[in-house]
Structures are given as C-alpha cells and as structure tokens.
Amino acid sequence: MIVQERIERKLTDAMSLLHLEVINESHNHNVPPGAESHFKVVLVSEEFEDLRLVARHKQVNRILKDELATDIHALAIHTSTPSEWRARHGTTPLSPPCHGGSKSPQS
Amino acid sequence: MNTETTEQAIRKQIADNPVLIYMKGSPERPQCGFSAQSTQILMACGERFSYIDILTNPDIRATLPEISEWPTFPQLFVAGELVGGCDIITEMYESGELQPMIKQASASHAD
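Heads up: the protein sequence lines correspond to chains A and B, in order.
Letter by letter, the first sequence follows residues 1 to 107 in the working numbering.
Letter by letter, the second sequence follows residues 108 to 218 in the working numbering.
To be clear, the hints were calculated from the coordinates, so they are not data collected in a lab.
Note that the structure is a prediction, hence the values are computed from the model and not measured.
Cut-off 30 Å, straight-line C-alpha distance, at most; resulting in silico cross-link-like pairs (DSBU-like, lysine-lysine):
hint, chain 1, residue 1, chain 2, residue 2
1, B, 210, A, 58
2, A, 10, A, 58
3, B, 119, A, 65
4, A, 10, A, 40
5, A, 65, A, 40
6, A, 65, A, 10
7, B, 210, B, 119
8, A, 58, A, 40
9, A, 58, B, 119
Part of the chain B face toward chain A, derived, beta carbon under 8 Å:
hint, residue
10, 131
11, 137
12, 176
13, 177
14, 191
For each residue, glycine too, the CB sits at the ideal point set by N, CA and C.
Just chain A, with the same shape it has in the complex (with noise of 0.2 Å):
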C-alpha cells in the first residue's frame, strides 16, 4: 500500500479535490501478486474548470513526477469538474484489459 498512500497524499497536499480515488488495478497485469505499478486516479474539482483534458492530466502528471519515473508503470487519469462529476452521475470508464506487456522495460 506503500506507492498508493504515496499517491493519495501528494494528490491531497497539492490540489484542492472535492473527491479523490486511488485503485490499483496492478492485479489485472502480468505481475506479481501485491505489486503496485497499475494505477487510476478520480480526481474532481474546481481546479479543473476552464482547464483542457491534455492541461489537467499535465498537471497530475507533474504531481507524481517521482512515482511515475519510478514505481508506477501505467496512470490512469480522470479528471472531472464538479458539474462535469454530477453529469456522469460519479462513473469513470474502465481501464483496458492487459496485453501482456508489463515484463517489458518500465514506461
């Protein structure tokens, strides 16, 4: 749990976020039981308003910077107003099944 606490907090710290989820969706891959390398954040809040998809995934890129060039191997982002939030009735779309391909080198 130690990457994901990690997460959590370096989210909580730098944004101001009406609602936050971090699921590892590590055991969906092709690696070991209790990894922590396949991420998806929810992340909604006003910070975003006027903000594009490509500004608002930068900027939670630039948030995990450390962890993305270390321990996460797949970051899943979605990033919501909270008006953007209510119309989507607080859903996120699923993460794409693996190929297979975690046994190659890191992102």
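Let chain A serve as the given structure and place chain B on it in line with the hints.
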C-alpha cells in the same frame, strides 16, 4: 543517434503526420491495453493515421516525454498538437469531440 537528431526527427514526424500515435507495438499487434484501446478508437474514426512503435525505437521512447511533457504512452498528436493518452482519447471519442478533430486535421493536411 544523438539526442539532438532524435528530437529533430520527432518534431518532423509530428509536423508531417496530421494524425500520429506513439504506441507500444503496432495497431495490428499492440503490446499494451492502453495502446490497443487507443488504436481501436482511431480506426473507428475512419481516417488514416500514422503510428510509431516506441518499443522498437528506444531513442524516441526516451526523448519524446521531454518534448511533449507527457511521461507515458500512448501519445496522440493531431495537427501537431498533443491531444493526450488513452483516457483522453476515450473520453473525447465518447463525447463526440475526437472524430471531427481528426477529420478536420486529415482534410486540411490533404489540401
């Protein structure tokens, strides 16, 4: 290949190809679920697109994240601009934004 020429090569690829995805594997044989889903969506958009397999191009894999300020793959570029990765591609396709953007980029490149 040194870093400077790799960067020049990448910038030329992005400028020359109106719809370009840097991915793991090929559209026929994607090596990652995120790359697979992204190329399926691009195929569903119905326009030709270019791809570069970063698994067989380690120089590009190492250099592109610095240029694009984007740490992960796949990365989709349309009309010379970074659109984003798999989550953004999926979200924009489902909201109906992606297809017109790609059609417009392909059409203006053909002029």
